[in-house]
Every structure is written in C-alpha cells, then in structure tokens.
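The whole structure should be built from the sequences, with the hints applied where relevant.
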Amino acid sequence: MKSELNAPQRSFMAELSPVLIMAAILVPTYFVLPSKMMAAEILIMAIPTLSFILLLGYTGLLNFGTGSLFAVGAYTAGILLARHNVHILLAIIAGVAMSGIISIIMGYFCIKRVGLIFALLTLAFNQLIWFIIWQWKSFTGGPDGIWGIKREILELGIFSINLKPTFNFYIFVLILFLLLFLFVRRLIESPFGKVLMGMRESELRATAIGYNPETYKWIAFIIGGLICGLGGALFALHQEYVGEHLAHWSTSGEFAIKALLGGTFVLHGALIGSGVFIFLADFLNRFPVLAKAGAGLLVLGAIFILVVMFFRGGIYGGVEKVYNFFRKK
Amino acid sequence: MMLQLDQVHAYYGKSHILHGVSLEVNKGELVTLLGRNGAGKTTTLKSIMGLVAVRSGSIQYKGENIVGKETHQIFRRGLGYVPQGRRIFSSLSVTENLRLPSLRQDGEKIEWVLNIFPPLRERLNNRGNELSGGEQQMLAIARVLVSGSELILLDEPSEGLAPLLVGAITDAILELKKSGLTMLLVEANLTMASNLGDRHYVVAHGLVACEASSREILEDVELHRKYFKL
Chain X
27 MKSELNAPQR SFMAELSPVL IMAAILVPTY FVLPSKMMAA EILIMAIPTL
77 SFILLLGYTG LLNFGTGSLF AVGAYTAGIL LARHNVHILL AIIAGVAMSG
127 IISIIMGYFC IKRVGLIFAL LTLAFNQLIW FIIWQWKSFT GGPDGIWGIK
177 REILELGIFS INLKPTFNFY IFVLILFLLL FLFVRRLIES PFGKVLMGMR
227 ESELRATAIG YNPETYKWIA FIIGGLICGL GGALFALHQE YVGEHLAHWS
277 TSGEFAIKAL LGGTFVLHGA LIGSGVFIFL ADFLNRFPVL AKAGAGLLVL
327 GAIFILVVMF FRGGIYGGVE KVYNFFRKK
Chain S
1119 MMLQLDQVHA YYGKSHILHG VSLEVNKGEL VTLLGRNGAG KTTTLKSIMG
1169 LVAVRSGSIQ YKGENIVGKE THQIFRRGLG YVPQGRRIFS SLSVTENLRL
1219 PSLRQDGEKI EWVLNIFPPL RERLNNRGNE LSGGEQQMLA IARVLVSGSE
1269 LILLDEPSEG LAPLLVGAIT DAILELKKSG LTMLLVEANL TMASNLGDRH
1319 YVVAHGLVAC EASSREILED VELHRKYFKL
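Here the protein sequences come in this chain order: X and S. Read in the working numbering, the first sequence has 184 at position 158, and its numbers run on one by one without any break. Read in the working numbering, the second sequence has 1130 at position 12, and its numbers run on one by one without any break.
Bear in mind the hints are in silico, worked out from the structure with no lab data behind them. Be aware that one or more of the hints could be misleading.
[To be verified] Once the Cα atoms are required to be at most 30 Å apart in a straight line, the calculated DSS-like pairs of lysine-lysine come out as: (1) X/K62 x X/K190; (2) S/K1344 x X/K138; (3) X/K176 x X/K190; (4) X/K163 x X/K176; (5) S/K1227 x X/K138; (6) S/K1132 x S/K1227.
Dropping the structure here:
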C-alpha cells in the first residue's frame, strides 16, 4: 500500500519505451514524406508547440508569446553561427539560454495577470520583440534577416557528424526532440507537474493548499521559453536563414493552431499537430489552383474549425474517442 | 488560544460584508459558525484564509496577526481550509490529490487519513471526477489533513449529501476531534452542528450575534425564530 501512495516509479525501460516507439515510427517517416526537408521541419515546429501545450494544456496559460521566444532562440543561434562561427552546440545552448532570459522578464510581468489579460500581455511582448527585431537593422538585419548560417560538421570530441545532409540533420533533430519529449513527460508526471495541473483546474484551490501560483506559473513559463529557444535555434540551422516573420504574432498563432489541431491535453498533440499542419499545407500547395488563390489556407482553416468543433482534444482526442467507442461495442 | 478574530471588517469590492466579527477558537476545540445564508459565515472563513480582503481588525493565529498574509503563506502556518462545494482537483487521481498538499511526505500521513475515510482506499487510482459526492467531500477533507494542518476550517461539509453520507462525514469529523484536531466548522445542518460542536457562534448581518450551547441551537424557539428561520 505504501508504495502505491508514493510517487510512481518506473523502470528505465518503461521510461524509455514510448520514446523508442516514437523513434521507430519517426525514423522511417523521413523516407515516406514528399519533401526531405519537411521531416525535420515537423519535428522542429513541434518543439514550440510542445511548449504551448505545456503552458496551455497542463498549466492553463494561453501564451501568445511563443513565436517571439522561438525567434529569440533562432536569432541568437543564427547570429552566433553566421557572424562568429561558434560551435553548433554552443550556438544552440546560447539560443536556449537567451530565450530563457527573455522569458524570465516576460513571465515576471505577464504571470501577475490571468486569463485574457495574460494572453494579451504575452501578445504585446511578442509584438514588442518583433518590433525590436524589425527596427534594429544593424544587429538583426531588420526585414532582411540573418543570412549565411552554415549547417556544417558537428564536432563532438572524437566523434563528428556532417549535418549538411538532410537525413543526418533529421536524426540530430530527432535525438534532441526525443530527449526533450522525455524531459517534458517526466516534468508533468513529477510533483511539480501535478501542482501545475492542479493550478490549471483552480488557482484558488492550489493556493488554499499552500502553493504560490505565481511562482509555479513563472517557472513553467520559463521552461516553456527555454523549449521555444531550442526550437528556434534548430530552425536557424534547418533554414540556414532567420527572418523577422518568426517573431510575428502569426507565428505564435500558428503554434496555437498546431497545438489545438493535435490536442492540447497530451504531449503527442505537438507532434501530431505539427505533422498534420505542415503536411497538409505542403499537400494543398501542390495544387496550382489552390496555391494561386491562397485557398490552401482556407482548406486548412476549415479543417481546423471542424477539429476544434467536434474533437475537444484535437486529432489525438478524436482518435481516442473513436477507439473507445469501438472498444465498448 | 489558537485563533482569535477581533473586530474583523471585510469587503467584497465596495460591499461591506463583515461588520466587526470577533470570535475565539481554543486548541482541541470544535467551534461552529451558524446562521442564515448570507449571514457572513463563509466570508469569515475566507477572511481568515486571506481570500477576502480584511480592511480592519485583527486575526491572530497562534499569537501572530495573519491579516495581509497570502493564502499559501497562511496555509503553510498550519491553517487548512476545506471550501464549500467539494473543491477537489477533478483531473487528478485520489492519490495525486492526497499527495499534492505535501509533496515530500511518505505514505504514512496518507495511510492515517485513509483509515479515517476508508471508502477512499478503494478509489486511489480513480480521478476526482469519478467519485461520488460523499467521496469527493471526504477527499476534500483528507487532502487538507495530510498537509498536517493544526486548525481546519470546514465550510458546510454536509451540503448536498444524502443522510447516510452526512452520517459518515459526521463520524469522520468526530474521529478527528477525538484525535485532538482543532476545527472551525460552518454548518447549516443544526443537528450535525449540535452533535459535533463544543461551542457555537451565531452569525447574523456580518457579525457574531451571540454564543449558544448545543441544546440551545436545537431547542431555543426564540433563537430559531431570530437567526435560523427563513
């Protein structure tokens, strides 16, 4: 009985198995996707979406600043790689750290408010960062962005890997994504994660049992910012270019759509949402008629509305609902 | 003395709700707050927990004035609060609900509360929203108990429960009382209150109108007419 009441303990293999299953699915996915660049892009875009899900689905915070934190990571890594030729890992770490620093400041002001005001404050910060990037031409390149980012050989002591081939880069991104997924999964199952979930239900109840919601929300916000920074840094490597559009509010909106599409109550929702969104956008653009009229977005929008209307838990929730329905029969 | 409220005035926005509430709770006592709906009983508990702004007066807990302190700070000082309406975390399991108030504890405290509320033992892996009303109420009380609170504020634990479950909750509270726990109970069920309480305060129009004995709250016709009848 006592062990049942203590924190759940899993064996090493049980901990790893969902990640290994994901790897077993994701490695061959690279070969079936119509574009080789798309596979890495899906994973990279799933990273800030994961941050969005951690904050909305598990903490109850609607963060519209995801795009700007993603952009901060991308610009930091991009500038270091293009202008200072630093080690790729160092550039990624710097991107993550800078997004973390910005999210400490952003979070400090935003988490003092709740609900719609919180969402609007994050949106305001998002646009403030976009404006700085747009105006500070000498440092960020303004509307021209940062060119000359090179995705080359990653030296790790005696071991090195050339990241230029898309498959190598995809595997590199996949490893980082799976490690991140493992970390976030552990986080939400930890006592800290349970407090976040409790606060999502009711801050008042969490306060009444001794938790300071502001502190917990702030920490969650910073973790979300660090995750966005990782996504941004990898995006800079992936595109070998960084543009101001990454910090625009529409990028934050895109991450929100991906999360809602995939499902905000499960971590897998990030990967599903990112995958479906990017795949469909690419697929619809292959029809010249749709692409010309911009109707691809219209179709995507219609799909989004249908998913949100009929499946509260996104595609993941919908599949689960259908599965449960047939299982009961 | 464990808790002492002295001339507490509290407001909801501009509405003046408590007009100088004064009361005392001694260690090991079970004191009840009785009165009609809207008399200020729940607001008194919320004021103690820092959930409603107190503009004047003092609330002394173990000799320290806790007015102006944050709710989570008050809880950490040993004051537990079970709000009205069985406010549990419905998406978390019973075990997770019980572990939440004190994350570093081992299972011993939880074992203790499961002995007080045996139905919860069978439902450890069920989510809060899968429990019956009575089980949710037990969980709400148990969650505060595992935190090791020394004084518990209970807001209408019998509200909306079937008579059989009211009996189970009453038994559990009596057991807690025997264990020496101090409690301040808001209760509309006068029979339950008279069975449980050592002393009773009658609240009306935002202040303590009088103190009554268990016999008086059941039998005093004048008291009933003045403070309890709608």
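Subject >> Straight-line alpha-carbon gap S/K1344 to X/K138, limit 30 Å >> reply: With a Cα-Cα distance of about 45 Å, the restraint between S/K1344 and X/K138 is violated, given a limit of 30 Å.
Original post:
Would the pair X/K176 and X/K190 pass a check requiring their Cα atoms to be no farther apart than 30 Å?
Top reply: holds (9 Å)
Original post:
Is the Cα-Cα distance between X/K62 and X/K190 30 Å or less?
Top reply: holds (12 Å)
Subject >> Holds or violated: X/K163 to X/K176, with C-alpha atoms at most 30 Å apart >> reply: holds (21 Å)
**OP:** Could you grab the alpha-carbon distance between S/K1132 and S/K1227 and see if it respects the 30 Å cut-off?
**Re:** violated (42 Å)
Original post:
Is the straight-line distance between the alpha-carbon of S/K1227 and that of X/K138 30 Å or less?
Top reply: violated (34 Å)
Going through the hint list in order, the structure does not satisfy hints 2, 5 and 6.
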